[in-house]
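Undergrad: Each chain is listed here by its residues.
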Amino acid sequence: MKIPISWLKDFIDLDGLSVEDIARKLTLAGMEVDEILYVGLPMPVYKEGEKHEFKTNGIAWDKEKIVVAEIREVKAHPNADKLTLLDLYDGEKDQVVLTGAPNIFHLKGTGRLEKPIKVAYAKEGSVLYDGHAEGQVLMTLKRAKIRGVDSYSMVCSEKELGITEESDGIILLDDDAPVGTPLADYIGDAVLDISILPNMARNANVIGIARELAALTGRELKVESPKLQVQPATSNLQSVTDLVEIELKNPEINPRFTAGLIRDVEIKPSPYEVQRRLKLAGIRAISNIVDATNYAMLELGQPLHAFDYDVLKERAGKKKVKLTVRSAKDGEKVTTLDNKERTLTSSNLLVCDEKGSLALGGVMGGLESEVTDNTKNILLEGAAWNFINIRKTAKQHNLPSEASFRFSRGVHPAMADQGVKLGLHYMSQWANGKIAPGIVDVYPLKPKDSVVQVTAQDVKKLLGIDLTLQQISDLLTKLDFKCKITNNQLQVTAPNHRMDIGEGAIGLADVLEEVARSYGYDNIPTTTMADALPPQTGNPVHEWEEHLRDLLVALGLQEVLSYRMTSIEKESRVVQHNTYVQFANPIAPEKSVLRRSLIASVLDNLEKNIRLSDSFALFEIGSIFEPVKNNLPNEPRKLAIAMTGLRKENAWDVKDSTTYDFYDLKGRLELLLSGLRLTNISYAGSDSILHLHPGKCAEIKIGAVVIGVFGELHPLVKEKYELGDSPVLVAEFDLEAVRGVNPTYGITPVSEFPPVYEDIAVIVDESVLAETVEALIKQTGGRSVSQVKLFDVYRDEKIGAGKKSLAYNLTYQSDKTMTDADAAAIRNKIVKRLEHAVGAKLRS
Amino acid sequence: MLDKLNEIEKSALESLKSVTDAAALEAWRVANLGRSSALMGVFSEFGKLSKEEKPVIGAAANRVKVKLEAEFESQVQAVKNAALAKSLEEEKLDVTLPGRTKFIGRLHPSTQQLRRVLAILAEMGFQVYTSREVETDEYNFQLLNFPPDHPARDMQDTFFIKTDSETDNPMLMRTHTSPGQIHAMRQFTKTNPQDPPPIRIALPGMCFRYEQITARSEVQFNQVEGLAVGKNITFADLKGTIADFVRRMFGEGARLRFRASYFPFTEPSAEVDVECFVCGGKGCQVCKNSGWLEILGCGMVHPVVLQNGGYDPKIYSGFAWGMGPERQLMLRNKINDIRYFWGNDVRFLEQF
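Taken in sequence, the protein lines are chains A and B. Here this note's numbering is used: the first residue of the first sequence is 450, the next is one more, and so on. Here this note's numbering is used: the first residue of the second sequence is 253, the next is one more, and so on.
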């Protein structure tokens, strides 16, 4: 909410406080000032290195150069039809000023004005916004000759002074503007843009903010200011209670409805000062009557609605007007002020007369009874509504308005008649209306006062500060709470402008928050928790996953983190599922379901990046979402890996164009699993993994449990992506399954005796698996063979068709120094065993 | 004979001066110290000398031999040094040519930042507690003191899950990690319902908001919350704990301020600003010239939330705070577009 400082000053003396002081106090107390917009007042100048506190914007008006002046005559320009020359007095001298302003053009050549026009006058050298430029561009006013006439100064539009974007016409100040006074002293202002928190609806108005400032500064809130003194109604008029009656059908959502009447209003523009404040607050100035409802709302917080009383009277057949507030019928229609026909549901409330609907209660008025330029008599409504109902209605009809903003956050019913009185007061002031006696006030459901008991111990326990009941009472009284000390307790009654104080334990927390705010968060000490430290258990699952991430990174894989949201089309390129967790309100078609495959996420990322590098090794750890009928989905954790492209990074002198294949991925997975200390792992080819190449994929098993699958992406799947020419290797693990396997701890001791190394090559049938040969070597060698490493696989006609040679590097180790003869003995045993078991022949 | 020796010495030393490579050195050695050299000739003719001459000539010949050998050795060294100097001179690399790199792995920046945050919290006694990403309205809102249709829900636009029938407890994507507060409290109360144990946990995880994806807003983001519940926990403790955390996270000198704020599940609530660590509070683009950066929201756990978790608010109190690792990274690294995080462009990821 935007609040001009000048308006606050109607209710609190702010002398001695800078604009930034005020903004700081409000910000720390929960009314965060997002920006300060200077509109005339001097702006703070930061020296090099000095600290800023707020985002600031705007313009300061030079007191020497920009002053209030009066136009005494509007003359024709000798060489230009559309321009005029103004005889103007700036408090010191007569000046001749050239202008093209359309809003005084009609006075051209009418001679000396009977009543001079007060304007904002800028002299040579003034810094202003350029009235002709797009947006806000600063310029310095320079002397020039325009169509043969010397021009050295100007009368200003709102745009030039930074009040609004309006540049069509000059500002016409109120008649009592003091000529010669610096404009900054007269209407210089600064606007605080304040975020109103959902529990601070009471402060979405000038008096609310002034009240908080009064509490924060210890100054007095001047609500008894003459502006709030409702003038006595003109007594010779008929009382509104004789002319209007009201019935409320749903008091639980519409607990109060008040209305007052004002007669013989003269519709015209509001005084300039009113317009200026409204505009700075972000509201368009329309006419004195509409402005009065808005002005009273911004000042007090109670939204008001003005009906054309004569229209209502006409509809009532010139008899007593009877207003009824009731639930709409499903499908009932009303045309709102914005000329839109709206179809209602039974949760919407309608203000009706006997002929039909008039307004959508608390949200927007209807078109028919709207105030027009011809309106003479006005019935002003101030009502109270349930905030949740208004919030629903405003959302349902997409009708955010200043009124629904306030009503949907809660306006206390006690404000209703005050709002009406204030609105009527401004109408009488600005439109010369006569207020009819009385107020129709139907108030079937008065909210109970919130009363909360507070002890010093409560304050100590929650806030950690020692305060006496008297101190607590003082802090709360500043915010208009009523406090009574009895029996070591403070009985606190919430003021009747706020609805955010509950009862019982909730009310206590609400009140303690106000104690803390009033005391100042900054003044509360900073302590270390004295409470017992809970037993430390750690989080083994989380720690394990982090360890897994570290292993993957050490293996050269880059982590990615993807959107949980995807589309069935995108995922079904790699896996097909019948059911998905779907959104009721998807943000976009490509984000309409929750992912079921982590491989799909990683492949999407690979595809997005494929042109950016010639080698990729990506992984992701995260949840996938498996739908469960009428229940929350399962969220199993998965690991997915994808690799493609060059095996090694090329340099300017080293080229290696080999690309990743099955065994690159397998090698990494072996290292990964050994890093997790998992043993007894077996790899089995499979043709049931549909997204993988049937000849180049495997299941990874520990015992009978499949913990993951990996291999080369199936050519038909790869075709559906743009993934380049190299094979794409993928792996997926079910982390719960991996975590479920007990790790094997312990090490193989490092022998102090030197090992003996030897290479042997055996020729076997193509069908014999490498795994079998290695197992036989290990079995036969027993403890004497500490390492078996396959270093070559060779096929050649010389060794026979359908045969292959497997060459192993063996490490012999013993708990004594091993001789070549010892090694030869073991080797012979191994060779014999291989011959016998798989028909192997030693290759010489 | 002595003259001859002098002559041999003089000419040999003279010729050694011009010898500059290994082959020539060997040739010189053969010519001047080898078996058929003139010097050796003197030694072989030794027998022919008179008794008187023998010691004189012998001594002189030996002196010449030692001298020539010494000079030869020093010339060998000189030639070696010259050759080394030459090769060192010639083997100069262009040190500005790029080094040969290798493919390495990295953690996603969000993971890195989550780890930093959780590591500090762990040292402060806050243990990791994780919970599900798809939640019910009850856990995400109602139990956290957001009644249905409450205006506070406007602060958290929500993705709802499609179901077959209407329900007043719809499934949704969690909008914050706070449902974990209820899960954790209920889990802890189970262990001892009469006198539940104190709690100190960190709740990390992905959260979701129904927002258009722009440079400033995303549909998903990580959050980390800290939660402490016990019998003697005050707002002053909250301030102290946050101050400790901020000092560890943003540096010894990081000034901070507590602003009153509103969250349905805490009361009193506050937002914490830290002095802009990019400009030191002088005002810059990152802090929008305000000198402060909003880094976390916090407050005392609302009595309704304690109650819903099974902790009697008359006996227990607690505090919670929440923050965003991606936001911290954006501020620290001047990242101006939040979409980088789930875009996973390798050119972004490789910078962390």
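Note that these hints are calculated values from the structure, not bench results. A few of these clues could be false.
Here are some chain B residues the structure puts well away from chain A; computed CB gaps all over 12 Å [said to hold, decoys possible]:
| # | residue |
| --- | --- |
| 1 | 285 |
| 2 | 370 |
| 3 | 416 |
| 4 | 527 |
Okay, derived cross-link-like pairs now, EDC-like style, lysine to aspartate or glutamate, Cα gap no bigger than 16 Å in a straight line [to be verified]:
| # | chain 1 | residue 1 | chain 2 | residue 2 |
| --- | --- | --- | --- | --- |
| 5 | B | 354 | A | 1098 |
| 6 | A | 1227 | A | 1245 |
| 7 | B | 483 | A | 499 |
| 8 | B | 534 | A | 499 |
| 9 | A | 841 | B | 409 |
| 10 | A | 1078 | B | 409 |
| 11 | A | 844 | B | 416 |
On the chain B side, residues computed to face chain A include the following (Cβ under 7 Å) [claimed, not checked]:
| # | residue |
| --- | --- |
| 12 | 295 |
| 13 | 359 |
| 14 | 449 |
| 15 | 507 |
| 16 | 513 |
| 17 | 555 |
| 18 | 565 |
The structure presented is a predicted model; accordingly, all values stated were derived computationally and were not measured. All C-beta atoms, glycine included, are put in the ideal place defined by N, C-alpha and C.
Undergrad: If a hint holds in the structure, say so; if it does not, say that too.
TA: Hints and how they fare:
1. Residue 285 of chain B, annotated as away from the interface, keeps every beta carbon of chain A farther than 12 Å; the closest lies near 46 Å.
2. Against the 12 Å criterion, residue 370 of chain B falls within the reach of chain A, whose nearest CB is about 8 Å from its own CB.
3. Residue placement check: residue 416 of chain B does not keep its beta carbon more than 12 Å from all beta carbons of chain A (closest about 7 Å).
4. Not every CB of chain A is more than 12 Å from the CB of residue 527 of chain B (nearest about 8 Å), against its label as outside the interface.
5. Taking the CA atoms of residue 354 of chain B and residue 1098 of chain A, the gap is near 5 Å; set against the 16 Å cutoff, the hint holds.
6. Restraint check for residue 1227 of chain A and residue 1245 of chain A: the C-alpha separation of about 27 Å exceeds 16 Å, so the hint is violated.
7. For a cut-off of 16 Å, the pair hint linking residue 483 of chain B to residue 499 of chain A is broken: about 44 Å separates their Cα positions.
8. Restraint check for residue 534 of chain B and residue 499 of chain A: satisfied, since their Cα atoms lie roughly 6 Å apart, inside the 16 Å limit.
9. Restraint check: the Cα-Cα separation between residue 841 of chain A and residue 409 of chain B comes to about 15 Å, which is no more than 16 Å; the hinted pair holds.
10. The hinted pair formed by residue 1078 of chain A and residue 409 of chain B fails the criterion: a straight-line CA distance of about 25 Å is larger than 16 Å.
11. Simply put, residue 844 of chain A and residue 416 of chain B have alpha-carbon atoms about 24 Å apart, too far for the 16 Å limit, and the pair is violated.
12. With its C-beta approaching chain A no nearer than about 53 Å, residue 295 of chain B sits outside the 7 Å limit, and its interface hint is violated.
13. Interface restraint check for residue 359 of chain B: the shortest CB-CB distance to chain A comes to about 5 Å, inside 7 Å, so the restraint holds.
14. Among the interface hints, the one on residue 449 of chain B holds; its C-beta lies about 6 Å from the nearest C-beta in chain A, closer than the 7 Å criterion.
15. Of the supplied interface hints, the one on residue 507 of chain B is violated, with its beta-carbon coming no nearer than about 10 Å to a beta-carbon of chain A, more than 7 Å.
16. Checking residue 513 of chain B against chain A by beta carbon gives a least distance of about 6 Å; that is within 7 Å, so the hint holds.
17. Hint on residue 555 of chain B holds. Least Cβ distance to chain A is approximately 4 Å, under the 7 Å limit.
18. The beta carbon of residue 565 of chain B comes within 5 Å of a beta carbon in chain A, closer than 7 Å, and the hint placing it at the interface holds.
In summary, the structure is inconsistent with hints 2, 3, 4, 6, 7, 10, 11, 12, 15 from the numbered list given earlier, while agreeing with the others.
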